[in-house]
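Visitor: Once you've looked at the hints, dock chain B against the given chain A.
Residue numbers (my numbering), protein chains in the order written: chain A, 19 to 223; chain B, 69 to 424.
Source of the hints: derived by calculation from the structure; they are not laboratory data. For glycine and all other residues, C-beta sits at the position ideal for the given N, C-alpha and C. It is possible that some hints are incorrect.
Partial chain A-side listing against chain B, Cβ under 8 Å, derived [as the list claims (entries may be wrong)]:
1. Ala35
2. Gly165
3. Arg185
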Amino acid sequence: MSPRSSRPFVLTAVAIATVLGLGACGSDSDKASSTTGATAATSAPTTVATPTTVAATAVVETTEPESTEPATSEPTTASTDGGAATTVAPTTEQPTTTTAPDALSQLPGVSAVDVAVGGTDVTRPTFTWAPAANAASYQLVVQTADGVPLWAWTGAQTSVVLGGTERAADVEGPTLVGASRVRVYALDAAFTVVAVSGWVALPGS
Amino acid sequence: MKATRLAWAGLLAVAVLPALGADAKGAGGPLRDGNWAGTMSIGATITIDNGSAAVVAQGSGNGTFALNLAGGTGTGDYILGGSSAASLESSNATGNANAVIAVTGELQGTGAAPILSPTQAHADVSGSVTVNGFDAPFDESFDFGPDDLLSSTLVITSSSCTYASGTWAQEFKSAIQASGVNVTSFQGSWAAVFKGATPGETDAALTDILDRGEAVLSSWFATGTFDAEELENVLVDAEHFAATRPKDEACSTGKPGDWSSPLAGLMQRILLAVANSTSTTPEALRFGIAAGLRTGVLPSINDPLEGELQNKAQELLDLAIAEGGTTGVTLIKISADSMGWTDLSNQASAALAGGQ
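Looking at chain A on its own, in the form it has when it is part of the complex (with noise of 0.2 Å):
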């Protein structure tokens, strides 16, 4: 094959390949048949670039994983610096937070967020807080009351119910089947923490 006839065929083949995967070794379909959803899990892509919320970086190599090691979740135990927290109605919206304090708190500019917890599902209820001050968004996490993480939230809103949206009782989503906890998180737009909840718990069903 000439130069100039190979070099169109490279770019048709390649081309082509990027989206029918078409390439050589038959002997991988073996491995790949084989592939459980613990070792596809690992085929992350190879190269990627930083996650950033604001602008565009430089891509930068990393290393595909390998292991395939399963891993062991232990989000049982709570932080130490949750403190105690008081139950709430959830058909109230009084702010009931938790008073103990922790090193985000105690953050020089770092002030208290009350959150509140309202609606008429104890199972799904929704969450509410006051603005706070140079606060450009929010993250919301709700956890089992022994620390076993069920659900986050981020955005600019003061209010989220559990699961993101409203959804009738016979469809499916986030929802509390026991004692549980929530704290929110308000950050400024560089990322800087400016408010934070203590734990506050949550009755469930």
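Guide: What follows is chain B alone, placed relative to chain A:
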């Protein structure tokens, strides 16, 4: 042209991959019997650089599938359309090629590992190459049969009574890498809705959500720009979509808290990238973990994702402490508190207390 065809035959001869085994079990558990209507997306960036010439290609595609499961055995069909653009750079030549590709195939396998088994594909490729000032345009069409094409397992990240999602096309990456091509990224996501006893159309809204999520991820890989705002919009739309469909009455065995996000497969890929990129920042980690919890991908069970994220968090915390700033430490503490990583949270607290 004859030489090109011969080269194609050679390439395809080694690209033949048989239908994959049906034993693979997804991390999210098997799909239940009945009809599922789904959508799938794919994004890829591959490069060839032999020192004197470099070819870079980017492609994307999407499609729909209808899967029927009876007694755990899958049947059905799918269509996939895609396009790609390749460019060539060398000392004396430049070129480009654009391909439009259509694939049809069958669904096989089991509820634990449905398999996309292609039956035919057609590609139209056009472009031009300029060598030493001489321009040579080309415009060709190619047809492929089942023996030319790769099968792919729909790996299940998450499944419930109503929704299921996961990843696919892992096999493509392996096959291309085996041929000596550098694969920057080559993986897809899928999502499906349970339709009950009778087949149904794939929801256009679901296709839109997955396509937009794939675009965020593809842009990140290709340009380094991570559009967190758009991803947050996609997350909101996915939650609104998921809220529209009541649970099927026949699925009474599910526990009250059982649910699955249509974006779980895509989020798993994003989190794997967050965990394994050397350029992940504390803010990216915080955002990713929150999104992972929001879609139910975290906490992860039976896969290494959570451990890899925790390792990344520890690495970032050590770096933040060494640099002496508080913002990175606080963001990692939020991530650790969110995940219940007590040791890491306490390390961050100690660093913050010591820094005041």
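Visitor: Each hint: holds or not?
Guide: Structure-based check of all given hints:
1. Ala35: 6 Å, holds
2. Gly165: Given a least distance of 4 Å, the restraint on Gly165(A) holds.
3. Arg185: Constraint on Arg185(A) satisfied, holds at 4 Å.
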